[in-house]
Amino acid sequence: MNLQRVSALVKKDIKKTVRDPAVLFMIFLFPVVFVLAFGASFGGIGGGQPVTYQVGVVNMDQAGSSQQWSQVFIDALSNTKILNTQVYTDNQTAQYDLTQGKIQAVMLVPDAFSESLTSYQTVPNDPSKWVNTSIPLYLDKGSIIATQAIPPIIQQVLTVIINQNQQMSPNPVHLETASLVEVKKLTAFDFMVPGMFTFASIFLIMMVSGSFTEDRENGTLRRIRITPTSPTEFMTSQVLSNMVIALVQAFLVFLMAYLMGFRPNADILVYLFAFFMVLIFSLSNIGFGLITATIAKTPGAATGISFIFLLPQLFLGTFVGASLSTSAQIAGRFVPSYYVTDALTSLLLRGAAITSPLVMLDIAIVSMFSIAILVIGVILYAKYFRI
Amino acid sequence: MKETAIDIQNLTKKFEDVTAVDNLNIGIEKGELFGLLGPNGAGKTTTIKMLCGLLEPTNGSATVGGHDVRKEQTEVKELIGVCPQDTAVYPHLTGRENIEFFGNLHAMPKKKLRENTNRLLEKLSLTQDADRRLSKYSGGMKRRINLIIALVHDPEVAFLDEPTVAMDPQSRHAVWDFIRELKKQGKTIILTTHYMEEAEELCDRVGIIDHGKLIALGSPKNLKDKFKAKDLEEVFIQLTGRKIREEI
Chain A
1 MNLQRVSALV KKDIKKTVRD PAVLFMIFLF PVVFVLAFGA SFGGIGGGQP
51 VTYQVGVVNM DQAGSSQQWS QVFIDALSNT KILNTQVYTD NQTAQYDLTQ
101 GKIQAVMLVP DAFSESLTSY QTVPNDPSKW VNTSIPLYLD KGSIIATQAI
151 PPIIQQVLTV IINQNQQMSP NPVHLETASL VEVKKLTAFD FMVPGMFTFA
201 SIFLIMMVSG SFTEDRENGT LRRIRITPTS PTEFMTSQVL SNMVIALVQA
251 FLVFLMAYLM GFRPNADILV YLFAFFMVLI FSLSNIGFGL ITATIAKTPG
301 AATGISFIFL LPQLFLGTFV GASLSTSAQI AGRFVPSYYV TDALTSLLLR
351 GAAITSPLVM LDIAIVSMFS IAILVIGVIL YAKYFRI
Chain B
388 MKETAIDIQN LTKKFEDVTA VDNLNIGIEK GELFGLLGPN GAGKTTTIKM
438 LCGLLEPTNG SATVGGHDVR KEQTEVKELI GVCPQDTAVY PHLTGRENIE
488 FFGNLHAMPK KKLRENTNRL LEKLSLTQDA DRRLSKYSGG MKRRINLIIA
538 LVHDPEVAFL DEPTVAMDPQ SRHAVWDFIR ELKKQGKTII LTTHYMEEAE
588 ELCDRVGIID HGKLIALGSP KNLKDKFKAK DLEEVFIQLT GRKIREEI
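So the protein sequences, as listed, match chains A and B. For the first sequence, this note's numbering begins at 1 and goes up steadily by one. For the second sequence, this note's numbering begins at 388 and goes up steadily by one.
In isolation and in its complexed conformation, chain A is listed as follows (with noise of 0.2 Å):
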């Protein structure tokens, strides 16, 4: 491989999207522009106030003379500032107040709550001995904030129980744990943020579509065939100009996020890898680039394919899915952007550590899906029009 062409390569695709004004504005500007709109819409300007969600509780643990459970859950629930409980004595009533917008949530603790977590209490460490049960959320469809934030949160105040349980055992509750939840502090902006530095990326897809058949039309591509740059060269340099930009994107993103009010409680590792995180999914989206570049004759008929790919991982992969249908929602498995966005989630909100199973899962499955869709691009590209 020949460093002098592929600097060459890559020095002329950068220059080529600076100079442009309307991929310019695609890729750079439009990010601002995006994240400035709904920082300013949704909490970031004006001291970025913290929301509060109402959130109905039908409880129906039937604890007996143990342990009442739900109560320190509800109650550490309250704790958090940000999720008003209000206890309901049945379920529909509370599905009532849901449709009515009255609250924005509705959480059944199961009958079996209690006995659950006395149970893994118990024997914490065999999995067989646990009583199993799972919540119910119903979730007000109606507000995309509300979808993208509660979940996180009564999950994480569920996991800060269930761990104090573990580490401070025989006495292991006191309110206090609420205060390890961090999300008191966050505004309805800071959970779109995740979802904002794969929203940005994802428009990848059309610059490179649009570049691809651009350059086959006006000949250039071809007159780069007559060189003696190879084909790995000419890939190796297209991943490493759009890995270029993709970082500038995510750097532009956090530093609108920050300017508007976006402090994640994380450390410098943390930030790093979520940009690490945005470069392997940039090449996905190289990927799909490429392939709509095989489809497509001309660049406008670029941009329209562009959105074939383009719109489902937009709407299943960013932070508009919580919002979508429960078969929407599982939709968003397939798409490469659901996983970017879940683990800068857990990241930069929820607190997980880089080597969570969790994220460690989800950079796992990303770098999966881009590699694999990069591939695909690059073959079928190279099938119908020579590199």
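Hints were generated in silico from the structure; no laboratory data involved. We treat Cβ as the ideally placed atom computed from N, Cα and C, and that holds for glycine. Treat the hints with caution; some may be incorrect.
Derived, one-sided and incomplete: chain B residues facing chain A with beta-carbon distance under 7 Å [unchecked claim]:
1. C439
2. L442
3. K464
4. E465
5. V469
6. D473
7. N491
8. H493
9. A494
10. F614
Following the hints, complete the assembly by docking chain B onto the known chain A.
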């Protein structure tokens, strides 16, 4: 005996039912300025595309600088410079950036690339506009940049596909002078054109192609003498019964 730069043997290219190049046989000597003449669609550009590896021949073989165009494409690409018929440049880059970009793809040393770029820009009167973006250039200026890109890496063999199409007479004559100079430097040049006066003015030998077949081969003077014609246009009329530029 002079060394052969390009050897074409029974070269054929078919696109489904259409035979674009039909059993072509031509030998071109090193340092020769060879003109490939014919109307639009005669097969000139297809022949050049096969010689520079852009198209796979259906039949036959060809070598450039002794390298097989099918099997030794990298070696062939290191020897050649191609000026395509349609201007193929990046509009968002400046003239100089376009030239240096393609020079870098030929892995030229930086100093040599800078020297060649400046020399060629000067030669084709583009020095003053070198740092303007191509999108601001006139059509003729773009074509001159198109030509410089093909030659910046000092190729041994230059394929110039209709290099003066759509140029004003002044620019055309400047390019002619430039091509003559390239020949003086010992470069092998294959020039395709449908301007007969251009071929007569510049070429040592010409091959006239029609419907993919080579119908005449020789120096302009020999062909004119042989067909008792006052110019190559008349030679073409005698061979085919029609004018070469009627089909443009």
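Here is how each hint holds up against the structure:
Taking 7 Å as the C-beta contact cut-off toward chain A, the hint placing C439/B at the interface holds, the least distance being around 5 Å. Below 7 Å, beta-carbon pairs count as interface contacts, and L442/B has none with chain A, the closest being about 10 Å; its hint is therefore violated. A cut of 7 Å between beta carbons decides the hint on K464/B: the least distance to chain A is about 5 Å, and the hint holds. For E465/B, the shortest C-beta to C-beta distance to chain A is roughly 5 Å, which falls under 7 Å, so the interface hint holds.
Look at V469/B: its Cβ gets to within about 5 Å of chain A, closer than 7 Å, so that hint holds up. Using the Cβ-Cβ criterion of 7 Å, the hint placing D473/B at the interface with chain A is satisfied: the shortest such distance is roughly 5 Å. A distance limit of 7 Å between C-beta atoms decides the matter here; for N491/B the minimum to chain A is near 4 Å, and the interface restraint holds. With its C-beta approaching chain A no nearer than about 6 Å, H493/B sits inside the 7 Å limit, and its interface hint holds.
Interface hint status for A494/B: upheld, as the beta-carbon distance to the closest one in chain A is roughly 5 Å, under 7 Å. Nearest Cβ of chain A to the Cβ of F614/B: about 36 Å, over the 7 Å cut. The hint is violated.
Hint violations for this structure: numbers 2, 10, all remaining hints satisfied.
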